[in-house]
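Trainee: Sequence:
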Amino acid sequence: DQKVTENLLWELFVQCGPVVNIHLPEIKSKLTSGYGFVEFKSEEDADYSIKIMHMIKMFGKPIKVNKASQDKRTQDVGANLFVGNLDP
1 DQKVTENLLW ELFVQCGPVV NIHLPEIKSK LTSGYGFVEF KSEEDADYSI
51 KIMHMIKMFG KPIKVNKASQ DKRTQDVGAN LFVGNLDP
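Heads up: the sequence shown begins at 1 in the numbering used here, then just goes up one per residue.
The set of hints was computed from the structure by calculation and includes no laboratory data. Worth double-checking, as some hints may not be accurate.
[What the hints assert, rightly or not] Each computed BS3-like pair below joins lysine-lysine, with the alpha-carbon atoms no more than 25 Å apart:
id: 1; residue 1: Lys61; residue 2: Lys51
id: 2; residue 1: Lys3; residue 2: Lys57
id: 3; residue 1: Lys3; residue 2: Lys61
id: 4; residue 1: Lys3; residue 2: Lys67
id: 5; residue 1: Lys51; residue 2: Lys3
id: 6; residue 1: Lys67; residue 2: Lys57
id: 7; residue 1: Lys64; residue 2: Lys41
id: 8; residue 1: Lys41; residue 2: Lys51
id: 9; residue 1: Lys67; residue 2: Lys51
id: 10; residue 1: Lys64; residue 2: Lys3
id: 11; residue 1: Lys67; residue 2: Lys41
id: 12; residue 1: Lys51; residue 2: Lys64
[To be verified] Listed next, with one range per pair, are the computed distances between beta-carbon atoms:
id: 13; residue 1: Asp87; residue 2: Pro18; range: 24 to 30 Å
id: 14; residue 1: Ser42; residue 2: Gly84; range: 20 to 26 Å
id: 15; residue 1: Glu26; residue 2: Phe59; range: 27 to 33 Å
id: 16; residue 1: Thr5; residue 2: Lys64; range: 14 to 20 Å
id: 17; residue 1: Glu43; residue 2: Asp87; range: 25 to 31 Å
id: 18; residue 1: Gly34; residue 2: Asn7; range: 17 to 23 Å
id: 19; residue 1: Gly84; residue 2: Glu11; range: 27 to 33 Å
id: 20; residue 1: Lys3; residue 2: Glu44; range: 28 to 34 Å
Ideal Cβ placement from N, Cα and C applies to all residues, glycine included.
Start from the sequences and build out the full structure, keeping to the hints where you can.
Mentor: Here it is, written out as structure tokens:
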């Protein structure tokens, strides 16, 4: 949905623990790609948010929340989450 913003995801996921960063990749036409990333300070907070937020409805459509695949570089953060099924 075009109403999904980084600020909206921040407000939603900060309820589960300290959020470090939110990223919504864009496709060429400046539309969101239908997924985003939520970075938490600790892995425990990320795990908790998966239990709480997975399959909740955002603008009438359930979102999928799970751990993002590990980046090849070393990260100083606890965990990154992949938030999928966001309506482009």
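Trainee: All hints are to be evaluated individually against the structure, with a verdict given for each.
Mentor: Going through the hints against the structure:
no. : hint                       : in the structure
1   : Lys61 to Lys51             : 17 Å, holds
2   : Lys3 to Lys57              : 13 Å, holds
3   : Lys3 to Lys61              : 12 Å, holds
4   : Lys3 to Lys67              : 23 Å, holds
5   : Lys51 to Lys3              : 24 Å, holds
6   : Lys67 to Lys57             : 19 Å, holds
7   : Lys64 to Lys41             : 20 Å, holds
8   : Lys41 to Lys51             : 17 Å, holds
9   : Lys67 to Lys51             : 11 Å, holds
10  : Lys64 to Lys3              : 17 Å, holds
11  : Lys67 to Lys41             : 14 Å, holds
12  : Lys51 to Lys64             : 11 Å, holds
13  : Asp87 to Pro18: 24 to 30 Å : 27 Å, holds
14  : Ser42 to Gly84: 20 to 26 Å : 22 Å, holds
15  : Glu26 to Phe59: 27 to 33 Å : 18 Å, violated
16  : Thr5 to Lys64: 14 to 20 Å  : 18 Å, holds
17  : Glu43 to Asp87: 25 to 31 Å : 28 Å, holds
18  : Gly34 to Asn7: 17 to 23 Å  : 18 Å, holds
19  : Gly84 to Glu11: 27 to 33 Å : 19 Å, violated
20  : Lys3 to Glu44: 28 to 34 Å  : 30 Å, holds
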